[in-house]
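Start from the sequences and build out the full structure, keeping to the hints where you can.
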Amino acid sequence: MRRRVVITGMGVITPLGHSVGELFASVVAGRTAVAPIVHFDARTFPTTFASQVSGFDLAKYLPDAAKFRNCGVNTKYALAAGKQAITDAGLLEIKGDRSRMGVYLGSGEGQENFEVLTTSISKATPAGERTADFCQASALLFKRLNGPQEAEAEMYAPSGYLADTFALDGPFASCQTACAASSQAIGEAGEMIRTGEADVMLAGGSHSMITPTGISGFNRLTALSQRNDSPTTASRPFDLTRDGFVIGEGAGLMVLEELEHAKARGAHIVAELTGYGSTADAYRMTDPHPEGKGAIRCMANALADAGLNPTDIGYINAHGTSTQANDAAETAAIKSVFGDHAYKIPVSSSKSMLGHLIAAAGVAELVISMMAIQRGVIPPTINLETPDPDCDLDYVPHHARESRFRHALSNSFGFGGQNIALVVSAFKG
Amino acid sequence: MVSNSRRTVLTGFGVLSPIGSTPEAFWDALVAGACGVRTVSLFDASELPCHIAGEVQGFVAKAMMAETKYRKELKSMARTVELGVIGSQLAMQSAKLAKGTVPPNRIGIEFASLMGASDLNDMAAASKLSAPDGETVDHGVWGAAGLNEITPVWMLKYLPNMPACHATILYDIQGPSNTQIPGDTSGLVALFEATRILRRGATDVMVVGGSEARINPITLSRHNLFVQLSKRNDDPTHAVRPFDATRDGTVLGEGAAVFTLEELEHARVRNATILGEVVGWASGVDRGKKGPGLARVIRNALTTAGIRPGEVDHVNAHGTGTTAGDAFEACGIAEVFGRGVPVFAPLSRFGNLGAASGLMELACSVLALKHGLLPGTLNHEKPAADCPINVHSGAPRPVTKPYAVKVTYTDLGQCAAVVVKRWSDA
Numbered sequence: 001m002r003r004r005v006v007i008t009g010m011g012v013i014t015p016l017g018h019s020v021g022e023l024f025a026s027v028v029a030g031r032t033a034v035a036p037i038v039h040f041d042a043r044t045f046p047t048t049f050a051s052q053v054s055g056f057d058l059a060k061y062l063p064d065a066a067k068f069r070n071c072g073v074n075t076k077y078a079l080a081a082g083k084q085a086i087t088d089a090g091l092l093e094i095k096g097d098r099s100r101m102g103v104y105l106g107s108g109e110g111q112e113n114f115e116v117l118t119t120s121i122s123k124a125t126p127a128g129e130r131t132a133d134f135c136q137a138s139a140l141l142f143k144r145l146n147g148p149q150e151a152e153a154e155m156y157a158p159s160g161y162l163a164d165t166f167a168l169d170g171p172f173a174s175c176q177t178a179c180a181a182s183s184q185a186i187g188e189a190g191e192m193i194r195t196g197e198a199d200v201m202l203a204g205g206s207h208s209m210i211t212p213t214g215i216s217g218f219n220r221l222t223a224l225s226q227r228n229d230s231p232t233t234a235s236r237p238f239d240l241t242r243d244g245f246v247i248g249e250g251a252g253l254m255v256l257e258e259l260e261h262a263k264a265r266g267a268h269i270v271a272e273l274t275g276y277g278s279t280a281d282a283y284r285m286t287d288p289h290p291e292g293k294g295a296i297r298c299m300a301n302a303l304a305d306a307g308l309n310p311t312d313i314g315y316i317n318a319h320g321t322s323t324q325a326n327d328a329a330e331t332a333a334i335k336s337v338f339g340d341h342a343y344k345i346p347v348s349s350s351k352s353m354l355g356h357l358i359a360a361a362g363v364a365e366l367v368i369s370m371m372a373i374q375r376g377v378i379p380p381t382i383n384l385e386t387p388d389p390d391c392d393l394d395y396v397p398h399h400a401r402e403s404r405f406r407h408a409l410s411n412s413f414g415f416g417g418q419n420i421a422l423v424v425s426a427f428k429g
Numbered sequence: 430m431v432s433n434s435r436r437t438v439l440t441g442f443g444v445l446s447p448i449g450s451t452p453e454a455f456w457d458a459l460v461a462g463a464c465g466v467r468t469v470s471l472f473d474a475s476e477l478p479c480h481i482a483g484e485v486q487g488f489v490a491k492a493m494m495a496e497t498k499y500r501k502e503l504k505s506m507a508r509t510v511e512l513g514v515i516g517s518q519l520a521m522q523s524a525k526l527a528k529g530t531v532p533p534n535r536i537g538i539e540f541a542s543l544m545g546a547s548d549l550n551d552m553a554a555a556s557k558l559s560a561p562d563g564e565t566v567d568h569g570v571w572g573a574a575g576l577n578e579i580t581p582v583w584m585l586k587y588l589p590n591m592p593a594c595h596a597t598i599l600y601d602i603q604g605p606s607n608t609q610i611p612g613d614t615s616g617l618v619a620l621f622e623a624t625r626i627l628r629r630g631a632t633d634v635m636v637v638g639g640s641e642a643r644i645n646p647i648t649l650s651r652h653n654l655f656v657q658l659s660k661r662n663d664d665p666t667h668a669v670r671p672f673d674a675t676r677d678g679t680v681l682g683e684g685a686a687v688f689t690l691e692e693l694e695h696a697r698v699r700n701a702t703i704l705g706e707v708v709g710w711a712s713g714v715d716r717g718k719k720g721p722g723l724a725r726v727i728r729n730a731l732t733t734a735g736i737r738p739g740e741v742d743h744v745n746a747h748g749t750g751t752t753a754g755d756a757f758e759a760c761g762i763a764e765v766f767g768r769g770v771p772v773f774a775p776l777s778r779f780g781n782l783g784a785a786s787g788l789m790e791l792a793c794s795v796l797a798l799k800h801g802l803l804p805g806t807l808n809h810e811k812p813a814a815d816c817p818i819n820v821h822s823g824a825p826r827p828v829t830k831p832y833a834v835k836v837t838y839t840d841l842g843q844c845a846a847v848v849v850k851r852w853s854d855a
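Protein chains in written order, with my numbering: chain A, 1 to 429; chain B, 430 to 855.
Please keep in mind that the hints were generated in silico from the structure rather than gathered at the bench. Even glycine gets a Cβ: it sits at the ideal position worked out from N, Cα and C. Treat each hint with caution, since some may be false.
Stated by the list, open to error - So the derived label-pair ranges between C-beta atoms look like this:
id: 1; chain 1: B; residue 1: R737; chain 2: A; residue 2: G21; range: 43 to 53 Å
id: 2; chain 1: A; residue 1: P36; chain 2: B; residue 2: D815; range: 54 to 64 Å
id: 3; chain 1: A; residue 1: S230; chain 2: B; residue 2: E496; range: 36 to 46 Å
id: 4; chain 1: A; residue 1: A65; chain 2: B; residue 2: S434; range: 46 to 56 Å
id: 5; chain 1: A; residue 1: K143; chain 2: B; residue 2: P827; range: 43 to 53 Å
id: 6; chain 1: A; residue 1: S19; chain 2: B; residue 2: Y499; range: 15 to 25 Å
id: 7; chain 1: A; residue 1: E260; chain 2: B; residue 2: K525; range: 38 to 48 Å
id: 8; chain 1: A; residue 1: R265; chain 2: B; residue 2: A824; range: 50 to 60 Å
id: 9; chain 1: A; residue 1: N146; chain 2: B; residue 2: A574; range: 19 to 29 Å
id: 10; chain 1: A; residue 1: G147; chain 2: B; residue 2: G462; range: 27 to 37 Å
Here is the structure:
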């Protein structure tokens, strides 16, 4: 008998709320937080808007927040969401040995000092040249960069600080597979519990790329929506006029726990993590396989892992990025896996409201999926106005819908071809 | 840990390192006591306090890439990615696993990597436009004009998951693909996850690798700011001194170390050459880097392998040569092994390879067990009082026991340990 994995705590920092309750209320109401970028002056960029976290203050969560002043937002968001999740789960009350509780975080790159990089490179580049003097540039970087901040920009920092702050002394991992990262973290953390390596894992993701570098990179790839005159309608998954994704930021952490461990301490069980599928497209760097070859197998694997039939699934939280390629390929993949039943399953994209939280997208969407099971309400896909003949499923347009169901499937696909599907189920002892 | 009948063996090894870029050259250099730490030559680093490092000599990805049609994609690869992709190719060649040998959904990949540092020249023209005085940058100019000077593939060149992505395309790898980023532990963490995936039956073969190119202006200047780097610029081959009383810091290195990890029966059926077996592992956190947490992780690894400390031939340490790091690591090792088991630290040969460090260092022990010979720790001459362990230095000694334990950690106390076993068909 396989060890079962349940979710006993959740926490989020998102553009639509700094708690699970706020986030879910926002998406059920069809709200969006997409607005002009305030993190830096992006007015001349091809894309000038994003879905941003506002009013965030780490001190609301940690008394010693000042200790993290040199950390980037990936660490800060993770700590705030992590604090919510472990408080929700009652993990702080577990005394003594903490070596069977671990961390698995999908997180982003460290904070980059754009100002120092560009000014130093400029100074080391002779007028009219396109190449820098590396000797001079490195001397300037050494002089101008802030050492303590650079130390905190190392990629092990967000996961390391979660473990350190919440005394999670057990197994750890931290992955970066672009938009699939937090779903992959949750899936593999579940496996670590199933195999007996850990009893509890704090798993999820944290990410912001709303920086000059991040927006520049995505703009050069023409991946972002450029609907600058109407930010709130820019994220329009499955709509014929979709023109790219809307970048978001934030963090989500959940406490995964072995069932008997949770029962023994009387923990409140939110849902059960029943299925996980993970595949690679082996196709291209950014484009998904047009027929969703890898997406099909990851969904099928997740269903098989959960021991469920396609007809058992009551809701699909789609990856639904609002890019031409993803939404068509994902629709085709869902139809391939679910057959005729695909048309009977509500499929919605939280990204229509939340934007794309990149490495934190999957966990935020899994939180929404679990809340949908608990509350019996499926959040909508907003901005879906012009039907796309290639996207002909029931995307729950505009308005949330009441529905009682037991099992939800959540998809996350990333640049680089990683495909992850997770199945969460209402807990039944 | 749940017992599982599926066993996992290493069947291929690809290496690009400062001391050699074939398994044979790498091993010969280890035995000969060679050191790959030199004055930085990839750029003029003379203005930085520490300007010595371990560089992969003569690495040209274009010349090495076997799939000639794919060479055009090199424009989308930073050196970190190139090292990983070529390293993966070398591992697959070493394992005699041509594309299609394994059904695509029965092979996966786990890589250790990180967001690469931008090539300064990718940003030079845009920076000149947007920060003409070299003092302040105008975001408006960057967005309106600078951006047009940035190559469209800028971001793709540096994304952490790109070594794995390119390897999946080149070898039609359609099983799980993941990329680990927890610093110096990334390689072992990737190996552990690959082992889990194989044991649960999701795949039969996993490519497990790590790569990092660290010898560039951004990475080297950053690390000069927050890592204790050696001041021995005038004497690079003696700079890194693991567990030595005169140690004064580490140096950076670059490279790629990639294995193929395979389910035993799968390897046997295709008559693969087996380099060693992964028999146990553990990870965990030593908050505040005091020692007992690392000791616990080592003990857990031994427990999962079902062995006692006395069965271990040697411990393979991270041994960075930093004052605090070595004292911490020695404390953890000593708590489990005392002075009874020799400790070998290979890092003084090639520097700290970051994301590539764990698997490169592990490779030294895999080869040592295979060849029956343990090379000495270079530059360990005067045992440090704060490192109460038995460091093996000097001439190689025969391997006398079947197991080696590889240990590594990050500066936040994330610790990983793996137990590998010498392969014998008995």
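Violating hint indices (sorted, rising): 6
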